[in-house]
Amino acid sequence: KSNADHSILFEAVNLIIVYGAEGSDPGLRSKAMTLLGRFIAVREPNIRYLGLEAMGRLARLEGAEAVRGHQKTVMLSLKDADLSMQRRALDLLFVLCDAEGAAEVVAA
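For the sequence shown, this note's numbering begins at 1085 and goes up steadily by one.
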């Protein structure tokens, strides 16, 4: 996909996030999380960065459980050479960290 395609998808996800606070369709939020899961797994760093950022905002809306399935992919971003990517992944892991998953996050 081109950058233009990705930018349209990111804007759609951002729209879902903005309206999520006002009670958007849970099915749409679930599809947005699935799409963001694919974005954070691509090789293109800009797409991954934006995916991590949007996933963090969506996780604050949905709760940590919605992102838990993508935790391993997020943890891989901690090993990225780019410090901004590491920070974004760390921010997302902070949102995910609770009593159940704290040991796994700290071990990374």
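For the record, the hints were derived by calculation from the structure and aren't laboratory data. Built from N, CA and C at the ideal position, the CB exists for glycine as well. Among the clues, some could well be false.
Ranges between beta-carbon positions, derived for each pair [unchecked claim]:
| no. | residue 1 | residue 2 | range |
| --- | --- | --- | --- |
| 1 | 1152 | 1111 | 27 to 33 Å |
| 2 | 1091 | 1145 | 20 to 26 Å |
| 3 | 1145 | 1188 | 18 to 24 Å |
| 4 | 1183 | 1144 | 16 to 22 Å |
Here's how the hints hold up against the structure:
1. 1152 / 1111: 27 to 33 Å: Violated, at about 19 Å.
2. 1091 / 1145: 20 to 26 Å: holds, 21 Å
3. 1145 / 1188: 18 to 24 Å: The hinted range 18 to 24 Å holds for residue 1145 and residue 1188, with Cβ atoms some 23 Å apart.
4. 1183 / 1144: 16 to 22 Å: holds, 18 Å
Violated hint: 1 only; the structure is consistent with all others.
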